[in-house]
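Trainee: Take a look at the letters that make up each chain.
Number of protein chains: 4
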Amino acid sequence: MVVVMAPGATQEDVDAVVGLVRSAGGDAFVSRGVTRTIVGLVGDVDEFEALNLRSRRGVLDVVRISVPHKLVSREHHPARSVVRVGGVPIGPDTLSVIAGPCAVESAEQTLAAARMAQAAGAALLRGGAYKPRTSPYAYQGLGETGLRILADVRAETGLPVVTEVIDPGSVELVASYADMLQVGTRNMQNFALLQAVGSAGKPVLLKRGFGATIDEWLMAAEYIAQRGNLDIVLCERGIRTFETRTRNTLDISAVPVVQRLSHLPVIVDPSHSGGRRELVLPLMRAALAVGADGVMIDVHPAPETARCDGDQALLEADMREIASTATILSPLMGRTLTQPVPQAAAAVS
Amino acid sequence: MVVVMAPGATQEDVDAVVGLVRSAGGDAFVSRGVTRTIVGLVGDVDEFEALNLRSRRGVLDVVRISVPHKLVSREHHPARSVVRVGGVPIGPDTLSVIAGPCAVESAEQTLAAARMAQAAGAALLRGGAYKPRTSPYAYQGLGETGLRILADVRAETGLPVVTEVIDPGSVELVASYADMLQVGTRNMQNFALLQAVGSAGKPVLLKRGFGATIDEWLMAAEYIAQRGNLDIVLCERGIRTFETRTRNTLDISAVPVVQRLSHLPVIVDPSHSGGRRELVLPLMRAALAVGADGVMIDVHPAPETARCDGDQALLEADMREIASTATILSPLMGRTLTQPVPQAAAAVS
Amino acid sequence: MVVVMAPGATQEDVDAVVGLVRSAGGDAFVSRGVTRTIVGLVGDVDEFEALNLRSRRGVLDVVRISVPHKLVSREHHPARSVVRVGGVPIGPDTLSVIAGPCAVESAEQTLAAARMAQAAGAALLRGGAYKPRTSPYAYQGLGETGLRILADVRAETGLPVVTEVIDPGSVELVASYADMLQVGTRNMQNFALLQAVGSAGKPVLLKRGFGATIDEWLMAAEYIAQRGNLDIVLCERGIRTFETRTRNTLDISAVPVVQRLSHLPVIVDPSHSGGRRELVLPLMRAALAVGADGVMIDVHPAPETARCDGDQALLEADMREIASTATILSPLMGRTLTQPVPQAAAAVS
Amino acid sequence: MVVVMAPGATQEDVDAVVGLVRSAGGDAFVSRGVTRTIVGLVGDVDEFEALNLRSRRGVLDVVRISVPHKLVSREHHPARSVVRVGGVPIGPDTLSVIAGPCAVESAEQTLAAARMAQAAGAALLRGGAYKPRTSPYAYQGLGETGLRILADVRAETGLPVVTEVIDPGSVELVASYADMLQVGTRNMQNFALLQAVGSAGKPVLLKRGFGATIDEWLMAAEYIAQRGNLDIVLCERGIRTFETRTRNTLDISAVPVVQRLSHLPVIVDPSHSGGRRELVLPLMRAALAVGADGVMIDVHPAPETARCDGDQALLEADMREIASTATILSPLMGRTLTQPVPQAAAAVS
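Sequence order for the protein chains is P, Z, E and D.
My numbering applies: residue 1 is where the first sequence begins, and numbers increase by one.
My numbering applies: residue 350 is where the second sequence begins, and numbers increase by one.
My numbering applies: residue 699 is where the third sequence begins, and numbers increase by one.
My numbering applies: residue 1048 is where the fourth sequence begins, and numbers increase by one.
By construction, these hints were calculated from the structure, which means they are not laboratory data.
Being a predicted model, the structure only gives us computed values, none of them experimental.
Built from N, CA and C at the ideal position, the CB exists for glycine as well.
Some hints could be false.
[To be verified] Here are a few chain E residues that sit away from chain P, every Cβ distance over 12 Å (derived from the structure):
| id | residue |
| --- | --- |
| 1 | R730 |
| 2 | E747 |
| 3 | L871 |
| 4 | T911 |
| 5 | G926 |
[As the list claims (entries may be wrong)] Covered by chain E, per the in silico footprint, the following chain Z stretches (three or more residues, Cβ under 8 Å):
| id | region |
| --- | --- |
| 6 | 428–441 |
| 7 | 514–520 |
| 8 | 557–565 |
| 9 | 599–608 |
| 10 | 621–628 |
| 11 | 631–645 |
[As the list claims (entries may be wrong)] If you want the footprint, here are the derived chain P segments under chain E, 3+ residues with CB under 8 Å:
| id | region |
| --- | --- |
| 12 | 2–8 |
| 13 | 34–41 |
| 14 | 63–73 |
| 15 | 239–245 |
With the sequences and hints as input, model every part of the structure.
Mentor: This is the structure:
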């Protein structure tokens, strides 16, 4: 941490800062420049935060130098992690495709979408039973009925299930059906929910808030980790910018940036960022080429009747292209395409 | 709603769209231009949304024309509303100052801050017992102990209490102490929480998400309204932009824009947008001059020891200036400065 | 300047940085923390920039502490400046209204708009003869004919003229007619143009780029100042954000922020940020209340036939309200409303 | 174009709009809905723009449906174009690497960088003689001396030269040396410059403004095209967002979006968006995988002494990886890696 003194700061002001830092168990080094004096702090940054140094007389600014996240940070855990979901690994050596319908609408539609996902080479099934929607008049999901459908389709196909949870009160219920709990973009800073999924005993897929910085995203993961759950997969899904030709702007650079800062796996959702079917395959290729550990894709057997985000759902005909893209790019990226777990194995997951 | 056909759309494509719209109980008018054919839809827009017209063959785009919010919309409720909080009105004819500490830290600090708030002319006391913090290592608030302190200070000062709720599971508890429930910027799209406060029987202060558009903000209010609670006050507190000299960019234009779209009162939080003490007073003046129905301000008896956002808390000496600014600007804006409710009245609130 | 060493940096890496800094005539202080070592640099920052320290082995990051602007900085010139335009002062003690048509379309229209401006209490006339337009198919302005019209209207009304220049090649021509040269938002980083207006011998109105940070804006002013011209007035006119209900988001906080960083006057353009007539007056009030040194407003005798930005031009009926707002807010802000210079004085300007 | 009438609009208001549209040679179709009446316009949109319909009584909004660009639009020119630069094609069937130093500093440095570029498989050499810098105190380039160095290096290596032009007044001079004129991100809406390069008789590389939408970028290209020059290559280089971990946010989705809207080739600059060396290769792979027609990369023989953007320049050791990435990804994307033109051919270019 660096304290920047204001141009008019006096010697007493500097001494006061040094004194506060020492009283908090740290040490302070003063560099006196022509126009600025700066004080470098050594010690426990969280202790220093509590000193409110920015409010002290003669202080112009306080610059934090070290990263604020710990448990999810690569600085504290250099090797990149592998997260296993129903036996399927997501991590640095593999490339995982997660696919399925945006919303679970019926048993038939979900099974058909799961079959499409398999044709696309997916090793995990996604599908929402609880849908957080911008409008209260939009489709809100089937709730527990949807969870049961997902469990049935898992039994039928062997694909472990990733599904969203939107309320701390329903985490236990959702966790009793799901293999992985998804926290959506609008809930990335719903701290009560983060703490609840941190204690639920299941891997978590943490989507980036569309208005969140990379550091805030990692701090959200830290909330989960702090409850003892380090089985977290991060998912970049586009951020909000001034550009309106796409629904969100996929921040493709976030993948390598996060992989340097954190040991957690990072995947990309090319469906929600673009918001249009014709962008999904190009963005999926970009995600794999930039080094993502996997992708998550919306598929639907009949997008024109989808109750949610039909504009971006891929069609039957696109499945082959997903599969072949993943197959070709995996070895180039030094990865193995994750295979669906055989049904027997899945049964015990 | 307007459907824009793609350049290569055929007559059958256009007919198919018209047929779908009529089957959904609506009507459709075709305008055939040189490079584009557009179809104007008449009827129930929510029905049309379910048709997934954007996914139909030959359709280039679908443009929504009417506003998606209803209960909070001025189109359906032209007169601007007054929301009463513990007897204190917030609305078009008054100017209300809400002030208090960012976080409730102790009985002494809260009472001292409440006395400052009164000196500043505030009619309502704010203070957080549950703090949603970006970092799990930051101060998280006193919880129910904090709520009790707020209730005690209300009894002592007569100031009704505005306090934040961060979890659907604790809405009932918080509502049993508070006069107004605050939903914070990070929870603006926490739909489970919105529904819970919508049913809690107390007025709600809904802060704008820092990454949320005005329309999303109004849709969040619609979630609350849909549960039967129209006692909602909106609070602009800055949005996230590329500018880093301020913590957030106060979207001052949002005040008049929202006042034309919605009948709900709109106030401004000049403390959290700027994030620095010296910006609070100028931004408060701007908020009142632009026509806001009130302001909410952080005060603290000893900002340098504050456990939360001490950088922006105003000092004792600033109170007089807040009071005089509010007193001078109220009549210019055709408003009456809301007076604190006499303690007797407060007792029955 | 602070150099942050990477976690794995060796003693030699630190020594190498210290050596480079000393070889450049500076000094370096090392603070060795638990997870980070930082090096505080003392000396000429521009020399240090040339060392490319960020590219050196073991260096994680380089943080600039001092402000990069000099001539326009308040650190080097504490008293706030007054810029005189055709005898009219713009600065900390006055409040100046600049008004006129977005584009000069004809002698009649310009004179009528100037009369409106006078009714609104304006002391300066704005009007564009060269219009930078997003589309090559939009109206591009009358060029020199427009400049002559502006000069004639100045002779008639006594109002000094502010007009835009868009090309280094025409600076001399425009300067021969204008009292103040405007650099538009799209040209804020057109460095050749900045240098040309810096040498033209006329005051400059520098609009903020809609995608520019406050620091970049001040650096653009520094380009002008470097050529010997410190008669610069800064104009905030809205930045680009994700919000689409307004054309741009007026960054009202920029006014007090800039006034602390720079000694140059700062005015606000409430017409271009909102882009809609009904927002102009509220935003003008906010601008004056936040402490702006003036405002610049679009007026047009017949907005529905305007060749440029008719949606935001104020009408005859609004002039009284501008005048009364400026008259009432000036004393509250401790300012004198700038009066139009009597015609005799204007004649010699 | 669609005119949306306000809720309270009368029949006369609607008739007035229809009358104006017909007087401008167009036709209008009225769709009367429950809460809204909309009028679909058929005819010349630029004529309609001049009607200022948004300012008419009873009009709530005007929505433009057709794209505003013509010459560069795929709607008017469906086949994707090939632009030839010194004999080297850039277009849908090829993959072109442009590489070189950010700034030309000396003959030796430029030649060494050009040799690196060749080792990386580049077919074109980039290098700046005129540098637009945010700070007037930063290195501004060698000017014409730099242009001569570039010409010498072209003679030596056979690589055609891409170099930036920053001022309409020097376009002719730069065009006399360069094979392709670059317009930088800060000049994307410098309309005088766009018109000058449109008349210069050389291909143009048009970088996207970091604050510009895709539509504004295409309108900037339209300015060049309008002067008769359709040899334009678009270059995505990152946009400004709230994320600060990267210098800019590479808008990778812009590549497929632009390729659907415009027939012009689109390349990506992975060096300037990330601003850090370790991001260049991942972003280059993402660019090629998303379908870009080429990439432009900063290389420098000794980045730690670079006078400009040394933080992002690739090293000797990275060249092999660029070459192999381009070689492997070209066939996957159905493209041929553009080969450097043999020196004999280059001599006559």
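Trainee: For each hint, tell me whether it holds in the structure or not.
Mentor: We went through each hint and held it up to the structure:
Here R730 (chain E) does not stay apart from chain P, with its beta-carbon only about 7 Å from theirs, under the 12 Å limit. Interface exclusion of E747 (chain E) from chain P stands, the closest Cβ pair being 15 Å apart, more than 12 Å. No beta-carbon of chain P comes within 12 Å of the beta-carbon of L871 (chain E); the shortest separation is about 35 Å. Listed as a non-interface residue, T911 (chain E) keeps its Cβ farther than 12 Å from every Cβ of chain P; the least gap is roughly 15 Å.
The Cβ of G926 (chain E) sits about 23 Å from the closest Cβ of chain P, beyond the 12 Å cut-off, so the non-interface label holds. Against chain E, the region 428–441 of chain Z contributes 0 residues with a C-beta closer than 8 Å to a partner C-beta. That does not satisfy the three-residue criterion, and the hint is violated. Counting residues of the region 514–520 of chain Z whose beta carbon lies closer than 8 Å to any beta carbon of chain E gives 0, which falls short of the minimum of three for the stated coverage. Coverage of the region 557–565 of chain Z by chain E holds [criterion: at least 3 residues with CB-CB distance below 8 Å; count 4].
Residues of the region 599–608 of chain Z lying with their CB closer than 8 Å to a CB of chain E number 8, which satisfies the three-residue condition for coverage. Coverage of a stretch by a chain is defined here by at least three residues with a beta carbon nearer than 8 Å to that chain's beta carbons; for the region 621–628 of chain Z and chain E the count is 4, and the condition holds. Here's how the region 631–645 of chain Z fares: 9 of its residues keep a CB closer than 8 Å to some CB of chain E, so the rule of at least three is met and the hint holds. Judged by the Cβ-Cβ criterion of 8 Å, the region 2–8 of chain P is covered by chain E as claimed, because 3 of its residues qualify and three suffice.
Here the region 34–41 of chain P counts 6 residues with a CB under 8 Å from a CB of chain E, which clears the bar of 3, and the coverage holds. Check on the region 63–73 of chain P: 3 of its residues sit with their Cβ under 8 Å from a Cβ of chain E, so the three-residue criterion for coverage holds. Against chain E, the region 239–245 of chain P contributes 4 residues with a C-beta closer than 8 Å to a partner C-beta. That satisfies the three-residue criterion, and the hint holds.
The structure fails hints 1, 6, 7 (numbered hints given earlier, in ascending order).
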